[in-house]
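Going line by line, the protein sequences match chains L and C. Once you know that position 250 of the first sequence is 250 in this note's numbering, the rest is easy, because the numbers rise by one and skip nothing. So the mapping is simple: this note's numbering equals the position in the second sequence, first residue as 1, plus 1000.
For the record, the hints were derived by calculation from the structure and aren't laboratory data. Just so you know, not all the hints are guaranteed correct.
According to the in silico footprint, chain L covers these stretches of chain C (three or more CB under 8 Å from chain L) [said to hold, decoys possible]:
hint	region
1	1009-1017
2	1234-1241
3	1281-1292
4	1297-1303
5	1306-1320
Distance ranges between label pairs, derived from CB positions [what the hints assert, rightly or not]:
hint	chain 1	residue 1	chain 2	residue 2	range
6	C	L1024	L	L148	57 to 63 Å
7	C	P1194	L	H41	38 to 44 Å
8	L	A22	C	C1085	29 to 35 Å
9	C	F1246	L	V48	21 to 27 Å
10	C	L1024	L	D93	30 to 36 Å
The C-beta atom is built at its ideal place from N, Cα and C for all residues, glycine as well.
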Amino acid sequence: MAHLSNQNEQQPPRHGLLLLQALILGLFCLFALRLWYLQIHRGEVFSVLARENQLRQEAIFAPRGLIRDRNGKLLAVNEPAYALGLVREDCKDVDATLEQVADWTGEPLSALKETYSKKRRLVKPFEPLILIPDLTFDQMALFEANKLEWPGLEIRIRPRRVYTHGKLMAHVLGYVAEANEAEMEKIPSLALGDDVGKLGLELMLEERLRGEKGLMQYEVDVNGRRLEGRVLKQPRAGYQAVLSIDLGLQELIMDWLRDEAGSVVVMDADTGQLLAIVSSPSFDSNAFTAGLSPEQWAKLRDDPMHPMQNRPIQSTYPPGSVFKHVVAGAGLANGMLDPSEKVNCTGATRLGSHTFRCWRWRWGGHGSTDLLKALTESCDVYFYKLGRRLGVDRISEYAKAAGFGARTGIQLPHEKPGIIPTREWKLRARGERWQGGDDLNLSIGQGFTLVTPLQVARFVSAVINGGKLLKPELLKDGRVTVQGLLPSRPEHLKRLKDAFVNTVDGARGTARRLRTKDVTVGGKTGTAQVVRLTDELRKLKDHEIPYKYRDHAWMAAFAEQGDRRYAIVAMIEHGLHGSSGAGPVIKAVIEYLFHDKILKKKRKKPIVKKVTNTASNASGGEE
Amino acid sequence: MAVDRRLILHINWQLIGLTLVLFLAGVLNLYSASGFRLEDGMSVAPFYQKQLVWGLMGMVGMIVFMLPNYRHLKTIAWPLFWFTCLLLLAVFFAGKTIYGAKRWLDLGFMNFQPSEMAKICILIIGARILADEREPLGFGRLAYVVGVGLIPAGMVIRQPDLGSGLSILMILGGMILYRGVTGRVFKTMIVAIPALAPLSWFFLHDYQKQRILTFLDPAKDPLGSGYHIIQSQIAIGSGRFWGKGFLEGTQSQLRFLPEKHTDFAIAVFGEEWGFAGTMILLTLFCYFLYQMVTIARDAKDLFGSYLAAGVFFYFFWQILINMGMVLGLMPVVGIPLPFVSYGGSATLVNFCLIGLVLNVSMRRFLFK
Chain L
1 MAHLSNQNEQ
11 QPPRHGLLLL
21 QALILGLFCL
31 FALRLWYLQI
41 HRGEVFSVLA
51 RENQLRQEAI
61 FAPRGLIRDR
71 NGKLLAVNEP
81 AYALGLVRED
91 CKDVDATLEQ
101 VADWTGEPLS
111 ALKETYSKKR
121 RLVKPFEPLI
131 LIPDLTFDQM
141 ALFEANKLEW
151 PGLEIRIRPR
161 RVYTHGKLMA
171 HVLGYVAEAN
181 EAEMEKIPSL
191 ALGDDVGKLG
201 LELMLEERLR
211 GEKGLMQYEV
221 DVNGRRLEGR
231 VLKQPRAGYQ
241 AVLSIDLGLQ
251 ELIMDWLRDE
261 AGSVVVMDAD
271 TGQLLAIVSS
281 PSFDSNAFTA
291 GLSPEQWAKL
301 RDDPMHPMQN
311 RPIQSTYPPG
321 SVFKHVVAGA
331 GLANGMLDPS
341 EKVNCTGATR
351 LGSHTFRCWR
361 WRWGGHGSTD
371 LLKALTESCD
381 VYFYKLGRRL
391 GVDRISEYAK
401 AAGFGARTGI
411 QLPHEKPGII
421 PTREWKLRAR
431 GERWQGGDDL
441 NLSIGQGFTL
451 VTPLQVARFV
461 SAVINGGKLL
471 KPELLKDGRV
481 TVQGLLPSRP
491 EHLKRLKDAF
501 VNTVDGARGT
511 ARRLRTKDVT
521 VGGKTGTAQV
531 VRLTDELRKL
541 KDHEIPYKYR
551 DHAWMAAFAE
561 QGDRRYAIVA
571 MIEHGLHGSS
581 GAGPVIKAVI
591 EYLFHDKILK
601 KKRKKPIVKK
611 VTNTASNASG
621 GEE
Chain C
1001 MAVDRRLILH
1011 INWQLIGLTL
1021 VLFLAGVLNL
1031 YSASGFRLED
1041 GMSVAPFYQK
1051 QLVWGLMGMV
1061 GMIVFMLPNY
1071 RHLKTIAWPL
1081 FWFTCLLLLA
1091 VFFAGKTIYG
1101 AKRWLDLGFM
1111 NFQPSEMAKI
1121 CILIIGARIL
1131 ADEREPLGFG
1141 RLAYVVGVGL
1151 IPAGMVIRQP
1161 DLGSGLSILM
1171 ILGGMILYRG
1181 VTGRVFKTMI
1191 VAIPALAPLS
1201 WFFLHDYQKQ
1211 RILTFLDPAK
1221 DPLGSGYHII
1231 QSQIAIGSGR
1241 FWGKGFLEGT
1251 QSQLRFLPEK
1261 HTDFAIAVFG
1271 EEWGFAGTMI
1281 LLTLFCYFLY
1291 QMVTIARDAK
1301 DLFGSYLAAG
1311 VFFYFFWQIL
1321 INMGMVLGLM
1331 PVVGIPLPFV
1341 SYGGSATLVN
1351 FCLIGLVLNV
1361 SMRRFLFK
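Here chain C stands alone, though its shape is the one from the complex:
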C-alpha cells in the first residue's frame, strides 16, 4: 500500500509525543517501583525492561493501526463483531482457567484474552451504528445499541470478569452520550440509574462487597482489606509538594505499598515526585484526552469521530477509575492506569488504539 505523503504531514505529532512522554514516565516510575530490597543494595526486578519491550511492540502495533484507511473498519465492523463473539464463545467452551476464571484462549505460544479484543471491537461497532443514527437516540434505538453491546459484555461477565464487562458497557455508554439521546431518555436515565444502582449490590460477589465496605471505612480493618487504601494514601500524601525524589520513596521501596508496579503505580509516582509531579502528570493526561477530543471534532466523517470518542472513553474511564481508587475516592477495582501501570497486553492495546485515532486524525483532509 502506497502511503500518501500528505498523510505523514498530517500526523498528530502532539498525541504521539504525549503518549511517549506518558509511557516513558511510566517506565521510569516502574524502575523505581520494582526496586526489590536486598540486604546489600538494591536489585531491580526486570519489570521496566519487560514494559519497554511491550512498548516497542505497541509502537509497531500503533503503526500497523495507522496504515490502512480506517474506513475499511466500517465495512468489516459487523463481521469483526461476530468473530469476537465467536471467540468469547470459544472461551466459554474451550477456555483456559486461571485462578478460577475462564478468560484465556491458549494459542500455543501465548495466552490470548478475547475480552481485550472485545473492548476494541465495541468501539468500532459502536461507531459503525451510531454514525448512521440521524437523530438523538430514543428508547427504541437506545435499546438496540445497548442490546448489541450486551452480547459481548454479558459473555465477558460470565467468565467471570466483571471489570472488563463493565468497561465494555461504559465505553459504549460514553459513546451513546457523545451521540446524544432524546430529552425523555436523558431525564429517565437521570432518575432510573441512581434508583437502580443499589440493586446491583445483590449481584456482587462477597469480595466485591467487602471492597465497597472497606472503601467506606478503611480504618475498620487497617491490616487487612483496608491496607491498600491506607498505605497508598500515606505514600501519595507523604510526597508533599516536591516529593521524596526518584528512588527515594520509603513507602514503595520498603514494600509497604502493595501492587505498586501495577494498579498502584501512581502512588509510587506521587510519593517520589510530590504534588508538583502529580499535577504535571494529571495535566498531561488531560491534554492527552483533549487531543482525542480535537480528533473527534476534526474527523472527516462521523464514523471517525465516533471512533475517536470511543478511544477517548476507553482511556477516560481507566484514568478516572484507577486514580480515583488510588487516591481513595473509589473502591478498589483492578484497573490499571494507561501507560503508567505495568501490563503487557494492556500496553499493546493502548498503543494500537492511539494508532487508530492517529489514523482518523491523519486522514481528516482526504477526500473519498
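If we strip away everything but chain L, and leave its shape as in the complex, we get:
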C-alpha cells in the first residue's frame, strides 16, 4: 500500500477492505463445502435419482378377450389401429400443427381444436394426446413423409376392436368405444383413449374381457430415443369368451328376417343356452368403435324401424294365443280344469252387454271343444269361459311363476320385465277396478299383458323340460341356472306339450307348416293386436291394412329329437298371422338344427309388404 495515494484522508477504509475479503472467503468456503456435499458426499445418491429420471414407464395394452361363437368362429377380434397423437411438450406451435392435421385428414379444424382443449387437462404434457383415433393408410403415409417438420406429432399403435359380423351380432355383443370421464373415474385402470364396453356383452363382461395392462420400463437417451426396455409386468389378456350362439343359425335367421322388424330366439330347453337371439333390423357394431358422427347417430336414433332396439329382451308385446298355454296351465294346476270337459263354441260369448268373439265366429265357431282341441285350434270361447272361472288372481299367479312379468336375468343390459296385470296393478296403473271383461282379454293373451319373446322361449322350454325355468345363458361354459319351477304336475305339462305337438301334427292345427321329418315339433301361433281393429279395417284384406295397424305375428315352438330339444320363438312385428308370418323362419331353424339344411328364403315376396295367402286363412290354418 506504500505506493498508494499520498493523501491520507483518501485512504480506502481498511476495515471495509477486510470485510470484502472476508466475504469472498466466506462465499468460497460455503459453496465449496456445499458442492462437496452434493457432488462427492451424496453424488452416488443423486446419480441414482438422475438415472431413475431417465427411466420411463409405459403401460402395455392387454389384448381384450376374443369372442367366438359356439363353434369357435371369431366374432370380436383386436386389430392394430394407428392413432395420431400430439405431445404438447415437443410441439412448437399447437395451432399451426392442428391446422396441418386438419389439412392432412380433412377433419374440420374446429373439431380438432375442441378435441385438443377437451383432452388437454387430462393428458400429461409429455404424453400423446390422441387427435385422430384411427388413421387410414393414406393419411399415415402422408404423415410419415412429413413428420420431421412437425415435432410433437406421433403415431401411436393401439388395439382396436373389430367385429367380424358387426351386424349379425350387434345386439348380443354390443360394442366398445372410448371411455368417458365417468367410466374412467369408476375404473381406475382406464386411461384416456382406452376403449370400454358400452353395450351388450362387451358392457356386461367388461371386467373379464378387459384383462390387465402390463408395465414396460425403458430408458431414454439424451436425444429422447428409447433404448432397451424391460417388461416389469406382463399384460394379462382378457377372458376369451365362447358364446352359446351358433353364428350359422344367427345368420340364417337374419337372412330370413331380412329387414323386417322382429325377433327370433332359439333356446336349448335343457340348459337355457341361447343358440340364436336375433333382433331385426340391426346395426353395425363397428360403426361405434370408430366413433359415430353426430349425423350417423341421429340417423340411427331416428330410424322408424328402431335398429338399436334389442327386441327379444326390450320389446314387449301382448302374447296373444301363445298365452292360452299359460291359462291352461293355471287351470290344471289349480285343479279347476277337467281336460275332457267340453265347451260349445258358437263363435262368441256374451258378458253383460258386450259380445266377445272367437276368431272363427264367421264360420260359426269351433263347436264342441275340449282342452286339446281348444289349444290346437286356438278356440277363444273355450278360454273366455276358463278365464272367467279362474279369475285374474290365479292366472296372474301362474303366469308369474312361469317367468312372465319379470326380467329373465339374461346377461344383456336394459332388459324389460313386461307386464302381468293384477287387480292392484290395474288400480295403480289405470286407476280402474278390474272388470270381468279384463278376465276375458287376459285369458286369450290380449289386453294389458305384455311379454318379451325371450320370456316366451323360457316358458316353452319349461313346458318341455319338466317345468324348470332356466336362466337364458349366452356363454357356452355358463352354468345351468334353474330360476324356478312351473307349479304344474308332470301330467299337466304333458298335456300342454301334447297340445303343442297336436297343433303341428293335427289335421286342424294352426302350425302345420312346421311339420318336419324325424323331429317332434310342437308349436303355437299367436296374434298380438296392435290396435283394436275397427269393423272397417276388419273388412279390408290383409295387404290393404296400413303397416302400422297390422297385428304382430307370434309363433312359439319347440323341436325335439333324442336328447336334443329346443324352444324356438319368433315374433314378427306387424306380421299379421302367426303361422304365415312367423312360421317359415321357425321351420328353417328346425331344418338347420336337425338336418343341417339351410332353407333359403324364397325371394319373391316379403311377408309384410304384400298379401299373405288368404285362402289358407279361410281353410282354418290361421287364427
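Got chain L; can you put chain C on it based on the hints?
Structure of chain C alone, referenced to chain L:
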C-alpha cells in the same frame, strides 16, 4: 478525447481475462443447456448465439464506460440520480405492463427497464455520498444514506419488482458496511435486523411465502413447487467428481431441469463438469471478486474506491443468491448468475460495470 498511453498500460488485464473466461464458459454452458430434444438428433435453440451478440455489445459498452474519466461521474451523480428517479416515475405513469408488472418503458425499438439503470445509479450516488463521509456513519448519516437509497428502491418495489428493489438496497447496504458504521449503529443492527426480519413475512406475496415454505421442505410437493429445487440438486449431485461430460447431462438434456438456461444454468454446468468444474468456476468467481477488492484498495481516490466496492457488491450478491438458490441453500429467487446465465440486458450491464471498475483501475496513478 485523446487517450493517454499510460492508461492503456495500466488496464487491469486480469479482470478482463477473468470476465471473458467466465462469459465464454457461460456461452459454452448455454450451448449445452439449450439443447432441445428432437426425435432425430439434437437441434439447438439459438440462446447461445443471442448471448454472444449481447456479449459483443457488452464489450462495446465496457469500452465506452472505460473512456471518460470516472471523476466526471462525481459531478453528474446527483443529476443522474434524479433523472433515474424521473424515469421510474415515468414507468409508474406510462410504463408497459407485462405479466402484471409495470417495469418497462417502451422506447419504440426496445423495452427499457429503468430498474436496471437504478442499480448502476445507486452505486454511483452511494459512492458520491460515502466518499465525503469523514467519520464512520452514525445514526443520522446512516438514515440519510438509506433514505436516498429508498427513493428509487421504493419505486421499484411498487412496480412490483421486489427482487430489483432489494438488490438496490443490498448494494447500498454493502457499500455502507464497506465505509463502516459506528460501534453503536453496528451493535444495534446486529440485534435489530434478525429481530425485525420475520415481520417482513407479512409483506410478502403468497407465491413468495410458498417459495420459502418449499425451500424449508421441498419434499412436501416434489412435482409442484419443490420440483426446481429437487431437480437442480439431482443435476448437480449426479455430476459427481468429473461430471458427465459436455452435452452429456441427462437431467438437462432430457428437460428434467427447469429454467436451465437462465437462473439454473449452473446446475447444467455442475452436472456436466462435476465437482472439478464447479470448483474451478467458484475459484474463478472468487478471484474475479478479489480483483475488484484490489481495485477498491488501489483506487486513486475514495470515490473510485467506493465505486469499485459498489460493483463488488453488485456481483457478490448475485453470485451468493443465485448459487445459494441452485445449491438448495436459499429459497428460489429469480436472480441470474453473472455472465453464466442467459440474459441480454443483464449481460450488457455486467460488462458496463466491469468497464466502470476498469476505468477506476487504469486511472489509479493519474494526478489531477
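The hints, checked one at a time:
Restraint check on the region 1009-1017 of chain C versus chain L: 0 residues with Cβ-Cβ distances below 8 Å, three needed, restraint violated. Counting residues of the region 1234-1241 of chain C whose CB lies closer than 8 Å to any CB of chain L gives 8, which reaches the minimum of 3, so the coverage claim holds. Figure legend: the region 1281-1292 of chain C, annotated as covered by chain L; annotation consistent (7 residues with Cβ-Cβ distances under 8 Å, at least 3 required). Coverage of the region 1297-1303 of chain C by chain L holds. Counting CB-CB distances below 8 Å, 6 residues qualify, and the rule asks for three or more.
Residues of the region 1306-1320 of chain C with a Cβ under 8 Å from some Cβ of chain L number 5, which satisfies the need for three, so the listed coverage holds. The hint said 57 to 63 Å for the Cβ distance between L1024(C) and L148(L), and at roughly 33 Å that hint is violated. As the Cβ distance of P1194(C) to H41(L) is approximately 30 Å, the hint placing it in 38 to 44 Å is violated. The given range of 29 to 35 Å is respected by A22(L) and C1085(C), whose C-beta atoms sit roughly 34 Å from each other.
Hint check: F1246(C) to V48(L), Cβ distance near 23 Å, so the stated range 21 to 27 Å holds. In this structure the hint that L1024(C) and D93(L) lie 30 to 36 Å apart at CB holds, the actual value being about 33 Å.
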